[in-house]
Amino acid sequence: MRRRLKRILIKTPKVVRKSFRINSIQSIITLSFSTITIIAMIMVGIGLYSTFSSNAEKNAASSAQQIMDQATINLENYLETMIEISDLISANMIDTSPDNMQNLDNMLSLTLELREDIVTVAIYTGNGNVMLTNPGHDTDRTYSVLQQDWFNQTIEDPEAYLFQPPHVQRLFEGRRPWVVSMNRGLSVEYLGRDETWAAMVDMNFSVIEELCNRVSLGNRGYIYVVDKDGNIIFHPQQQLIYSGLKEESIDEVIELEQGSFVDDFQGERRITTIKNIQYSDWKMVGVSYVDELVPNMRDFTNFIIIILVFGIVFVVLASIFISSRISKPVKRLEHQMNRVEQGDFDIENLEVKGEDEVKRLTKAFNLMISRIKMLMNQIISEQEAKRKSEFNALQAQINPHFLYNTLDSIIWMNENQNHEGVSEMTGALARFFRISISKGNEVIDVSDEVEHAASYLVIQKIRYKNKFDYTIDVQDEALHHKTIKLILQPIIENAIYHGINKIQDKGEIYIKVFIEGDKIIFRVADNGFGIKPERLKKIFETEPTNKRTLGVGLKNVYERIKLSYGDEYGVDIKSEIEVGTTVSISIPLTGEQIGDSDEKIT
Amino acid sequence: MRRLHRIVILILILVISVSLIGCSSGELTTEEKKLNIKVVVKMQEPGFWAVVQMGAEAAGREFNVNIDFDGPTYERDIDGQIEMVQEAIDEDVDALVLAASDYELLVPVAEKAKAAGIPVIIIDSNLNSDKIDSFIGTDNVDAGRKLGESLIDKVGAECRIVVMSFVKGTATAVQREEGFFDEISQYEGIEVIDTLYCNSEESLAKQLTIDIVNSETEIDAFVCLNAYGTVGTAYAIDELGYAGEIKIIGFDSTPEEISFMEKDVIQSLVIQNPFNMGYLGVKYALDAIRNEKVPRSVNTGSEVIDKENMYLPENQKLVFPFTE
Numbered sequence: 339m340r341r342r343l344k345r346i347l348i349k350t351p352k353v354v355r356k357s358f359r360i361n362s363i364q365s366i367i368t369l370s371f372s373t374i375t376i377i378a379m380i381m382v383g384i385g386l387y388s389t390f391s392s393n394a395e396k397n398a399a400s401s402a403q404q405i406m407d408q409a410t411i412n413l414e415n416y417l418e419t420m421i422e423i424s425d426l427i428s429a430n431m432i433d434t435s436p437d438n439m440q441n442l443d444n445m446l447s448l449t450l451e452l453r454e455d456i457v458t459v460a461i462y463t464g465n466g467n468v469m470l471t472n473p474g475h476d477t478d479r480t481y482s483v484l485q486q487d488w489f490n491q492t493i494e495d496p497e498a499y500l501f502q503p504p505h506v507q508r509l510f511e512g513r514r515p516w517v518v519s520m521n522r523g524l525s526v527e528y529l530g531r532d533e534t535w536a537a538m539v540d541m542n543f544s545v546i547e548e549l550c551n552r553v554s555l556g557n558r559g560y561i562y563v564v565d566k567d568g569n570i571i572f573h574p575q576q577q578l579i580y581s582g583l584k585e586e587s588i589d590e591v592i593e594l595e596q597g598s599f600v601d602d603f604q605g606e607r608r609i610t611t612i613k614n615i616q617y618s619d620w621k622m623v624g625v626s627y628v629d630e631l632v633p634n635m636r637d638f639t640n641f642i643i644i645i646l647v648f649g650i651v652f653v654v655l656a657s658i659f660i661s662s663r664i665s666k667p668v669k670r671l672e673h674q675m676n677r678v679e680q681g682d683f684d685i686e687n688l689e690v691k692g693e694d695e696v697k698r699l700t701k702a703f704n705l706m707i708s709r710i711k712m713l714m715n716q717i718i719s720e721q722e723a724k725r726k727s728e729f730n731a732l733q734a735q736i737n738p739h740f741l742y743n744t745l746d747s748i749i750w751m752n753e754n755q756n757h758e759g760v761s762e763m764t765g766a767l768a769r770f771f772r773i774s775i776s777k778g779n780e781v782i783d784v785s786d787e788v789e790h791a792a793s794y795l796v797i798q799k800i801r802y803k804n805k806f807d808y809t810i811d812v813q814d815e816a817l818h819h820k821t822i823k824l825i826l827q828p829i830i831e832n833a834i835y836h837g838i839n840k841i842q843d844k845g846e847i848y849i850k851v852f853i854e855g856d857k858i859i860f861r862v863a864d865n866g867f868g869i870k871p872e873r874l875k876k877i878f879e880t881e882p883t884n885k886r887t888l889g890v891g892l893k894n895v896y897e898r899i900k901l902s903y904g905d906e907y908g909v910d911i912k913s914e915i916e917v918g919t920t921v922s923i924s925i926p927l928t929g930e931q932i933g934d935s936d937e938k939i940t
Numbered sequence: 002m003r004r005l006h007r008i009v010i011l012i013l014i015l016v017i018s019v020s021l022i023g024c025s026s027g028e029l030t031t032e033e034k035k036l037n038i039k040v041v042v043k044m045q046e047p048g049f050w051a052v053v054q055m056g057a058e059a060a061g062r063e064f065n066v067n068i069d070f071d072g073p074t075y076e077r078d079i080d081g082q083i084e085m086v087q088e089a090i091d092e093d094v095d096a097l098v099l100a101a102s103d104y105e106l107l108v109p110v111a112e113k114a115k116a117a118g119i120p121v122i123i124i125d126s127n128l129n130s131d132k133i134d135s136f137i138g139t140d141n142v143d144a145g146r147k148l149g150e151s152l153i154d155k156v157g158a159e160c161r162i163v164v165m166s167f168v169k170g171t172a173t174a175v176q177r178e179e180g181f182f183d184e185i186s187q188y189e190g191i192e193v194i195d196t197l198y199c200n201s202e203e204s205l206a207k208q209l210t211i212d213i214v215n216s217e218t219e220i221d222a223f224v225c226l227n228a229y230g231t232v233g234t235a236y237a238i239d240e241l242g243y244a245g246e247i248k249i250i251g252f253d254s255t256p257e258e259i260s261f262m263e264k265d266v267i268q269s270l271v272i273q274n275p276f277n278m279g280y281l282g283v284k285y286a287l288d289a290i291r292n293e294k295v296p297r298s299v300n301t302g303s304e305v306i307d308k309e310n311m312y313l314p315e316n317q318k319l320v321f322p323f324t325e
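Residue numbers (this note's numbering), protein chains in the order written: chain A, 339 to 940; chain B, 2 to 325.
Treat the hints as calculated values from the structure; they're not laboratory data.
Don't take every hint at face value.
Quick list of the computed label-pair ranges, beta carbon to beta carbon [said to hold, decoys possible]:
id, chain 1, residue 1, chain 2, residue 2, range
1, A, S482, B, N300, 34 to 40 Å
2, B, N300, A, N614, 38 to 44 Å
3, A, Q485, B, G242, 24 to 30 Å
Even for Gly, the Cβ is constructed at its ideal location relative to N, Cα and C.
My request is simple: use the sequences and hints to build the entire structure.
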């Protein structure tokens, strides 16, 4: 259940976003904020409405109860009068002499004259003969009370007061009024015998109608009276009900002894209130219409609608306002980022405005842009330095002294008929320059770099008349890796000029290339003069004053390695005076493929 | 500055919306004019048509409309009824409820009313027009059949009878005759001596009855097709001393007819529902005014009652209209 709800919650905004094509922060905030608030408001409205309406219904029901209480008392009083009249008859029946009967008749005449609601009073003897009727019309001889249920019940139980549902009175010829009857038994002594007679008081509906009409249950509300079997005693639309044109919810009324209920009867909500009537098995039923009895209901509904509309308009406007406040700085940021995206870094720092998060974001953005600018400048200057040192390295190769001395040596060897030496030196020189240039590539195979160093050593060994020996020891695995070119030669040059050249003994140069971890190490060791420690300390700091000074070539190699491979790599020098110097160059183990991409950069 | 602008606009919108709601809720209460519905019946008398009037007035009270009830003194006064319908058109009533005295003669004036925009609801006796909104009344063919059934029940399948009809050619008479003759045609033993027309006058019915009883030797029963024919025949039979001997199968339930039935002059009555005709006539007239759908025809039904069952609670309510 909860999961499904969650899914719906996640799903809906997506659907909404898709269909309306709005996914800016502003519209999302506006939409979700408004939706949530509106739903909450509508729920509160419905809650208020239902609470209010159920309370109102309760109030209406209780006020209907109170109104009906009075009507009930009135009807009970009325029935009581009828009973009193019958009691009066009963009291007068002690003497059944014709004189007394005449007196009773006179008294009844007077009563009936005063009371328009009593249609007829009649006294029947135990065997069904009419003893007395008032008013005295021609009695209908076709009608016999002996077959009537009410008569037999009255004779059987003379103590009871029996109220009959409405029926057509058949007592007199040609008169067929609708009446409600009250019957009771009379204990009389007639012609010396104890007999049970029956008295009948027939009422018309005038008083009951008046009692019911006097009570106001709203404009359309009304009161009716039923007996326990559901026979209608009085109803304002009695004939309509008799004709089947109207219906009344009598079944529910009989089921519910007393009290009230609310139901939807023929599409209208009404409150039915039921009261038992004393002296009889009648019930008085009040029907009132909810929408009438609760006049403020409509006002209240209108009020809630107004509040809802008001609130919804307010919420929508407020959320538009708030969301625009939140999203505006973000939008400005987005605009600047677009410019950066198109490569324009020359933007001024953004003004830091808006909410805390946006402020921080703006600050971070500003910082990022300035860092990027700095890095870019750094890259530009580094590239420049790299190019410069490469150029320097190349320039060093084409050192005119070196070329002049070499060519001089060749000439000298030629004059001494040393052809073998000439060809060896010329070949070495050619290899030396070929690899130096190497089609302008900066990165070459380790094997080429080693060959380049070997060529140089061949030339120098001849020139220095075997003043030194050299050994080149290369690990086979290292041969096919890549390296920047011209790193060994400057070191060897230093070893010859500043190391071996300064000693009397025969020099030794040992070159070793090997893989150590993820690095390739080029090591050049000599047994020369060595470098003074104070000199060694500043060896990478010296500015090139003279091309021949120690450290110019070394520094160039050092810088180029740093620029190409980073600070982890570089040149390490160990030296001891009069013992020798060992220079170790480390470069990364790049593999062969790296060389291609490097080519592109240069 | 711009923010201030926006707040001002916001407040303006709120004020406008609230005032709009206020206005619309204020205009809801308008007093409805009380409608006038004219009910024109065949004649004014204390029996059948008085109950129709009761029904119409009950509906008038319930739906809060004015009911103007009218009808000529004699049913044969067709011109008088036409004039009354014309008056209704002149008064520009909101609807007309009409019990047509003549199937044909009332057609032009009723259609004129309809053309003038007045809904026309016909009750009891139909009109030869397809322009009327609704017909509410007894299915008279069925009522005629019930007369036949009751004749078989009370007199038997072997008898000589006289049919006392009322106005020759009037729709209700034609239909009741049709139903009755159709029903008795199944029985070969029933001989119809004559069909008489009393013009809905008791005295004429009485005279016709006396004449035919005196001239014919053997009559078993009279079958009367409306209240006046029934009452006139009953008086004649009662006076001639043939009560119970010459049986009467009658129509409707006036107090006189009930009284004759209790005295065994009349053996059974086919009763209609005049209260419902009056009530439904007004109710559907009101629906027609409001342009709601009105049923093309409504059968208010008929029942057979006799001395034994007339006081049963369910029949009491039909036989004796409830008056307070």
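Hint check results:
1. A:S482 to B:N300: 34 to 40 Å: holds (37 Å)
2. B:N300 to A:N614: 38 to 44 Å: holds (41 Å)
3. A:Q485 to B:G242: 24 to 30 Å: holds (29 Å)
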